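Enquirer: Dock chain B against the given chain A, drawing on the hints supplied.
Number of protein chains: 2
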Amino acid sequence: MHRFFLPPECFKEDKVIFPDDIAHQIRRVLRLTAGDRVFVLDGSNNEMLVELEEVADFNVTGDIVSRKKNKAEPDVKVTMLVALTQRDKFEMILQKCTEIGASAIIPIITSRSLIQDFNKASSKLDRWRNIIREAAEQSGRGRIPELSSPLKYDTGLQNAAKKNDLLLMPWENEDGLTLKDKLSESTHRDHKTIAILIGPEGGFSYEEVQKAQQTGFVSLSLGPRILRMETAAMITLAFVLYDNNQMM
Amino acid sequence: MHRFFLPPECFKEDKVIFPDDIAHQIRRVLRLTAGDRVFVLDGSNNEMLVELEEVADFNVTGDIVSRKKNKAEPDVKVTMLVALTQRDKFEMILQKCTEIGASAIIPIITSRSLIQDFNKASSKLDRWRNIIREAAEQSGRGRIPELSSPLKYDTGLQNAAKKNDLLLMPWENEDGLTLKDKLSESTHRDHKTIAILIGPEGGFSYEEVQKAQQTGFVSLSLGPRILRMETAAMITLAFVLYDNNQMM
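Protein chains in written order, with my numbering: chain A, 940 to 1187; chain B, 940 to 1187.
Next comes chain A alone, as it looks inside the complex (with noise of 0.2 Å):
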């Protein structure tokens, strides 16, 4: 069944009234009409079963038939720090990570990112809010991840250092510690939110690694095989949920 994120003015008691944007979607894209069933959430984890009660050009409302909590959403709390690099694997990272369940992603501006301009990446936001939209949507989540405005590397690790109580950096030169030794920690459960920080395509330079290591990071070893940017980010992620029974 469909499933659509609404802003808390479409709530009237036990009515729904469809933001321009979505009612387009329903009555032109998807071809809904009076009597279909579509799932309303509010982003605060209430999930409401709501029958089609008008679908007209330029007013769909429903009524709202049953709630709920969702129960899809990671008690864990993790924020993703994702250096800047080209649109498709950026894209796909914000996809992904939300589907996985991120909680925030925050993206930064490296030495080496490919995109080292900070305004033409805020122009970014509204498609970039988008595609975490439908990623919530699709994977049946309670909530839309936060995206921030991207900040730069040291105002990304001091606001993460603030609000999290792990923060983990893989970093391909690091040969000891692995990130199954360290979510090995008998202690690392006690942590509700945890910070994940990856690097560009090229890497983090050397006083990267060394500033991040002074900001409370731990590097980690994602083990033999190099992996690339995005596919550290998805994994890292999915190995933390699940570490910490949060994945399944």
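Accuracy of the hints is not assured; some may be wrong.
[To be verified] Think about it this way: if two alpha-carbon atoms lie no more than 27 Å apart in a straight line, the pair counts; the simulated DSS-like pairs of lysine-lysine are: (1) A:Lys1016 <-> A:Lys1131; (2) A:Lys1028 <-> B:Lys1063; (3) A:Lys1010 <-> B:Lys1121; (4) A:Lys1102 <-> A:Lys1016; (5) A:Lys1121 <-> B:Lys1131; (6) A:Lys1121 <-> B:Lys1119; (7) B:Lys1119 <-> A:Lys1010; (8) A:Lys1119 <-> B:Lys1119; (9) A:Lys1131 <-> B:Lys1119; (10) A:Lys1119 <-> B:Lys1121; (11) B:Lys1008 <-> A:Lys1119; (12) A:Lys1131 <-> B:Lys1121; (13) B:Lys1121 <-> B:Lys1102; (14) A:Lys1102 <-> A:Lys1063; (15) A:Lys1091 <-> A:Lys1102; (16) A:Lys1063 <-> B:Lys1028; (17) B:Lys1119 <-> A:Lys1008.
[To be verified] Rough simulated footprint, nothing fancy, chain B against chain A, three-plus residues with beta-carbon under 8 Å: (18) 1034 to 1048; (19) 1068 to 1081; (20) 1164 to 1174.
[Unchecked claim] Covered by chain B, per the in silico footprint, the following chain A stretches (three or more residues, Cβ under 8 Å): (21) 1110 to 1119; (22) 1177 to 1185.
No wet-lab data here; the hints were simulated from the structure. Here the structure is a predicted model, which is why all the values come from computation and not from measurement. Cβ coordinates follow ideal geometry from the N, Cα and C atoms, glycine included.
Expert: The following block gives chain B in isolation, referenced to the frame of chain A:
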């Protein structure tokens, strides 16, 4: 450093004669010159450091400086049976499953596969082999995962059952056993050959699920969030290798 898989006929004692396509890449694309070094792989886990000797238009040769065994190959052999689907998605699965550590990939035609034409699918094999070889080179593997011609669903199931100790099938309607439950069974680490069956976008038909179960495949849940086909493929492979200590 650049890495190249070469066929057996390219090795003459301590010399390497590069085939035309790679010679072209070395000279014209990468612009390497005599004295530069590359890694050469024979596809059987042997890795050679090679110094380029002659770099001419139809003749690129090198001297083997040292030899070692590649250490990036998992001990557990995982075969991915993947339903044919749209090009981008299928090619992403080939690339990512190679990086993550699959040993073999078998395209299969299910009733809901987007591509039903056997010949059309087979004509893509060269292109798919290149994607896999490049991903194997880039990720530092010692072998190139095998790619078979596309198989019909029933044939794929039967071949997999003959050749593998453990048969796994993520299924979106499975609400009992999770992949994590299955992998936590104490006996599973005795399995050295594992097949993973990945259904198409629209899921398996009920008959297909029954057939797979009758052939010995265990249907598994991947948790509360609904993963796209390509995400399910990568994540399942990664978890199986991780759990077997083959990922890190």
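Enquirer: Does A:Lys1016 pair with A:Lys1131 here, judged by a C-alpha cut-off of 27 Å?
Expert: 6 Å, holds
Enquirer: Between the stretch 1177 to 1185 of chain A and chain B, are there enough contacts, at least three residues with CB-CB distance under 8 Å, for the coverage claim to hold?
Expert: holds (count 4)
Enquirer: Check whether the Cα positions of A:Lys1028 and B:Lys1063 lie no farther apart than 27 Å.
Expert: 24 Å, holds
Enquirer: Could you grab the alpha-carbon distance between A:Lys1121 and B:Lys1119 and see if it respects the 27 Å cut-off?
Expert: With Cα atoms ~19 Å apart, A:Lys1121 and B:Lys1119 stay inside 27 Å; holds.
Enquirer: Between A:Lys1131 and B:Lys1119, does the CA-CA distance stay at or below 27 Å?
Expert: Between A:Lys1131 and B:Lys1119 the Cα gap is close to 21 Å, so the pair holds against 27 Å.
Enquirer: Next pair to validate is A:Lys1063 with B:Lys1028; report whether the Cα-Cα distance is within 27 Å.
Expert: Status holds; Cα separation ~24 Å.
Enquirer: Take a quick look at whether A:Lys1102 and A:Lys1016 sit within 27 Å of each other, Cα to Cα.
Expert: Measuring from Cα to Cα gives roughly 11 Å; hence the hint holds.
Enquirer: Under 8 Å between beta-carbons, do enough residues of the stretch 1164 to 1174 of chain A, three at least, approach chain B for the coverage claim to hold?
Expert: holds (count 7)
Enquirer: Hey, A:Lys1119 versus B:Lys1121, does the alpha-carbon distance stay inside 27 Å?
Expert: Holds, because 19 Å separates the two Cα atoms, which is no more than 27 Å.
Enquirer: Has the given pair, A:Lys1119 with B:Lys1119, been kept, meaning a C-alpha gap of at most 27 Å?
Expert: Roughly 15 Å between the alpha carbons, so the hint for A:Lys1119 and B:Lys1119 holds.
Enquirer: Starting from A:Lys1121, check that the Cα of B:Lys1131 is at most 27 Å away, please.
Expert: Holds - the C-alpha atoms of B:Lys1131 and A:Lys1121 are around 26 Å apart, at most 27 Å.
Enquirer: Hint check: B:Lys1119 vs A:Lys1010, CA-CA at most 27 Å. Holds or violated?
Expert: OK: B:Lys1119 and A:Lys1010 at ~18 Å, within 27 Å.
Going down the numbered hints, you'll see the structure goes against none, and every one checks out.
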